[in-house]
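Let the sequences and hints guide you as you build the complete structure.
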Amino acid sequence: MNLLEFLTPSAEVCRRTGPHDKIVYTSRVRLARNLPEVPFPGHGKKADRVRVYEQLLPAIQSVPAMGGALGESLERLTPSDKQLLVERHLISREHAAKGAGSGFVLNREESLCVMVNEEDHLRMQALRPGLQ
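Start counting the sequence shown at 5; every next residue gets the next number (our numbering).
It is possible that part of the hints are untrue.
[Unchecked claim] Distance windows between CB atoms, simulated:
| # | residue 1 | residue 2 | range |
| --- | --- | --- | --- |
| 1 | Q59 | R80 | 12 to 20 Å |
| 2 | E58 | T82 | 20 to 28 Å |
| 3 | E113 | P62 | 15 to 23 Å |
| 4 | P43 | E9 | 32 to 40 Å |
| 5 | E9 | V42 | 28 to 36 Å |
| 6 | V33 | V90 | 13 to 21 Å |
| 7 | P83 | S115 | 21 to 29 Å |
Think of the hints as simulated: they come from the structure by calculation, not from any bench. A quick note: this is a predicted structure, and the numbers were derived from the prediction, not measured. Every residue, glycine too, gets a C-beta built ideally from N, C-alpha and C.
The structure is reproduced here in structure tokens:
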């Protein structure tokens, strides 16, 4: 799937509303988790990262809140796709620089995004308008 076809147009993103959205554009909550007995992504070999990505991708996509989600490996994205995700705060700059074995899963509403093999095996974040 084409990333630009999946993402909400920027003009619509700017019109999202929430409590106190005149003061706070968006709020983000992040939670990081790691798998036991697996090297951290920065210390693991490519095979370790690929194995973790392949193991986690279907598990993340099976969560009901991730219905219709886009899951993609970072090595398959163009530099401009990565830059767009960074600008929307869906992935970090550090994550955008990663390759094989790193990826993300983004739900249809763009309110939940999970980065796989950034600094941690899982970095989950919720982004909502205003102070939600």
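Each hint tested on the structure:
no.: 1; hint: Q59 with R80: 12 to 20 Å; verdict: holds, 18 Å
no.: 2; hint: E58 with T82: 20 to 28 Å; verdict: holds, 22 Å
no.: 3; hint: E113 with P62: 15 to 23 Å; verdict: holds, 20 Å
no.: 4; hint: P43 with E9: 32 to 40 Å; verdict: holds, 35 Å
no.: 5; hint: E9 with V42: 28 to 36 Å; verdict: holds, 33 Å
no.: 6; hint: V33 with V90: 13 to 21 Å; verdict: holds, 19 Å
no.: 7; hint: P83 with S115: 21 to 29 Å; verdict: holds, 25 Å
Against the hints set out earlier in the document, no violation occurs for any number.
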